[in-house]
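Student: Could you put the whole structure together from the sequences, leaning on the hints where they help?
2 protein chains.
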Amino acid sequence: MDLETIRKFTFQRILSEDPKNKFLAILGEIQDQPAVIIAEKTAFDNPTVSELFQPNLTPDVTLTERNDVYHSYTATIAQDIAKPGIKATLIWPATQTHIRKYSKQARRMIRETPELYQQITLPYITSQLGPRIQWVYNILNHTAETDRIVYEDTDPNTGFILLPDLKWDRVTLSSFYLMALVNRRDLHSLHDLNTTHLPLLKNIRSSALREIPLQWPTVSPDQLRLYIHYQPSYYHFHVHVTHLEYEGGDGMAVGRAWLLDDVIAQLEEMAEGRGFEGRTITYVLGEESGLWKEGFSNVKG
Amino acid sequence: MDLETIRKFTFQRILSEDPKNKFLAILGEIQDQPAVIIAEKTAFDNPTVSELFQPNLTPDVTLTERNDVYHSYTATIAQDIAKPGIKATLIWPATQTHIRKYSKQARRMIRETPELYQQITLPYITSQLGPRIQWVYNILNHTAETDRIVYEDTDPNTGFILLPDLKWDRVTLSSFYLMALVNRRDLHSLHDLNTTHLPLLKNIRSSALREIPLQWPTVSPDQLRLYIHYQPSYYHFHVHVTHLEYEGGDGMAVGRAWLLDDVIAQLEEMAEGRGFEGRTITYVLGEESGLWKEGFSNVKG
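Chains as they are written, first to last, in UniProt numbering: chain A, 1 to 301; chain B, 1 to 301.
Hints are supplied without guarantee of correctness; some may be wrong.
Said to hold, decoys possible - In silico EDC-like links for lysine to aspartate or glutamate, alpha-carbon gap of 20 Å or less:
{"no.": "1", "chain 1": "A", "residue 1": "K87", "chain 2": "B", "residue 2": "D68"}
{"no.": "2", "chain 1": "B", "residue 1": "K20", "chain 2": "A", "residue 2": "E245"}
{"no.": "3", "chain 1": "A", "residue 1": "K101", "chain 2": "B", "residue 2": "D68"}
{"no.": "4", "chain 1": "B", "residue 1": "K83", "chain 2": "B", "residue 2": "D45"}
{"no.": "5", "chain 1": "B", "residue 1": "K104", "chain 2": "B", "residue 2": "E40"}
{"no.": "6", "chain 1": "B", "residue 1": "K104", "chain 2": "B", "residue 2": "E17"}
{"no.": "7", "chain 1": "A", "residue 1": "K20", "chain 2": "B", "residue 2": "D169"}
{"no.": "8", "chain 1": "A", "residue 1": "K83", "chain 2": "B", "residue 2": "D60"}
No lab work stands behind these hints: they were computed from the structure. Just so we're clear, the structure is a prediction, and the values are computed from it rather than from any experiment.
Tutor: Below is the structure:
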């Protein structure tokens with residue numbers, strides 16, 4: 001495909017945009033086939049920022065407002081193809097799945113009572129087991145990603161495998177991201193946790209806080225955030241382990257993320273054998289998710 | 001001050017940067033006085049995005065990678081002073097407080113036991129009462145911001161005042177942000193909550209979910225996120241109410257934010273009269289905060 005192809009993109013509509021991240025996803029067509037362009041502005045180029053507001057880096061400058069010591073400006077910033085202003089991905093031909101993935105998704109707050117869990121969530125979770133989490137079993141069986149294992153505790157009840165999340169490059173601390181996958185296969189999510197699982201949860205906490213600083217000596221235990229998602233994106237119980245520098249956005253927000261320490265503290269308050277099964281759990285759900293479309297969207301509010 | 005002043009800025013060091021938001025804060029000097037520049041790239045300009053990758057908007061384009069339907073590009077994007085590439089604020093002369101405010105702050109995970117609360121947190125909270133929260137009492141007394149009140153329940157035990165947070169422009173739904181300030185003055189934070197406060201917490205929840213859609217008919221109850229900060233930024237008990245579209249970043253992350261629904265659910269599990277006082281509470285603390293500097297930094301880990 002030559003460079004001229006992207007010039008043939010004809011615009012149809014904005015799928016989503018994020019002014020804070022300077023992000024944009026647009027839908028259009030190239031040669032009668034759907035095309036999605038995902039674009040974002042580039043970050044400031046570290047070696048040149050020392051010249052910010054020097055004429056060669058910032059040729060035009062305007063003072064737009066002044067109040068006391070605060071002066072606001074707008075300016076143009078030098079760019080060329082080696083120091084570009086934007087980076088973009090073209091998906092072409094794009095499928096409906098691509099288009100949905102980059103479409104702005106409205107969200108809803110769900111108050112999932114134990115009854116709604118049985119009626120709606122459990123059948124959905126059941127549909128997500130089997131082949132969809134085979135990749136987890138491949139890791140636990142040592143048939144895939146064996147060389148990526150950071151730590152393994154083989155105890156069938158309290159053991160787990162700790163390995164880097166695919167989102168992490170294994171170098172940059174500000175995006176430090178590991179995942180603890182439990183050995184046992186009977187726990188699908190937060191909802192299944194009760195006081196009998198305290199030894200498992202405490203083992204994950206203490207082992208991760210001990211092992212990670214051994215392997216990454218610049219990381220101290222009080223720089224790690226351990227949390228659980230509900231709903232998770234796959235239904236084999238796992239714990240996220242990130243550096244406090246990591247900005248997780250929605251994945252770290254209340255209404256999706258539960259601090260492991262707080263889950264442990266809550267279970268410790270409960271009577272023997274009790275757990276989250278009996279609780280109403282409140283969380284945010286995207287309207288594009290299967291659980292919303294096939295489940296909660298049909299519930300009368 | 002003429003435009004030439006900012007050209008005299010001499011660079012010293014980067015205070016902080018955020019590649020995701022394309023944000024940068026740098027320290028330097030102008031005429032021997034400290035100066036801080038806060039710069040960010042501009043968002044995509046909505047009316048012109050339909051021309052993205054047309055030669056007039058994107059003069060130079062390079063294909064950097066291709067894998068199946070995914071094509072990666074970099075490009076330059078047209079700008080002039082009316083459609084600038086960056087916006088910036090200069091603070092000059094800048095004080096140490098300005099410099100600290102924009103400096104990258106390391107963070108620590110605190111496991112605050114009931115004993116550490118008594119020893120360290122409580123004396124700190126006590127130092128933050130009185131004149132520092134007079135502004136809250138001015139609202140509760142109707143001596144300030146009276147015209148901004150969205151809803152008021154005058155009950156001395158379960159009542160509260162709901163009003164827009166100063167961060168919100170009162171128009172844009174994606175930054176919808178209200179605050180519920182309780183009438184009673186004996187509750188400083190999450191730590192003080194116990195089962196006797198359930199009527200107060202439930203009243204805030206049900207009243208906010210009822211009143212907000214009455215005043216903003218495009219907002220439905222299942223689009224609102226109600227949460228509490230621990231540690232809060234001021235020690236008069238209050239609840240944050242935001243739209244699910246609002247991206248709160250750190251202020252919404254586990255380790256800082258507690259979903260009101262989950263706090264209620266936890267208290268409902270507890271025996272009569274029990275509460276968070278007896279619990280270890282885990283949270284993230286910035287190393288520039290008073291509670292870290294004057295308190296937890298002195299604790300042996």
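Student: If a hint holds in the structure, say so; if it doesn't, say that too.
Tutor: Results of checking the hints against the structure:
For the suggested pair K87 (chain A) and D68 (chain B), the alpha carbons sit about 18 Å apart, so the restraint of at most 20 Å is met. Our distance criterion of 20 Å between C-alpha atoms is met by K20 (chain B) and E245 (chain A), whose separation comes to about 13 Å. Straight-line distance between C-alpha atoms of K101 (chain A) and D68 (chain B) comes to about 18 Å, which keeps the hinted pair within the 20 Å bound. Under the criterion of a C-alpha separation no larger than 20 Å, the hint pairing K83 (chain B) with D45 (chain B) is consistent with the structure, at around 8 Å.
A hinted pair counts as satisfied when its Cα atoms are at most 20 Å apart, and K104 (chain B) with E40 (chain B) qualifies at roughly 16 Å. At most 20 Å may separate the alpha-carbon atoms for a hinted pair to count; K104 (chain B) and E17 (chain B) meet this at roughly 8 Å. Of the pairs offered as hints, the one joining K20 (chain A) and D169 (chain B) holds, with about 16 Å between alpha carbons and a cut-off of 20 Å not exceeded. This hinted pair checks out: K83 (chain A) and D60 (chain B) have alpha carbons roughly 11 Å apart, not beyond 20 Å.
Of the numbered hints listed earlier, not one is contradicted by the structure.
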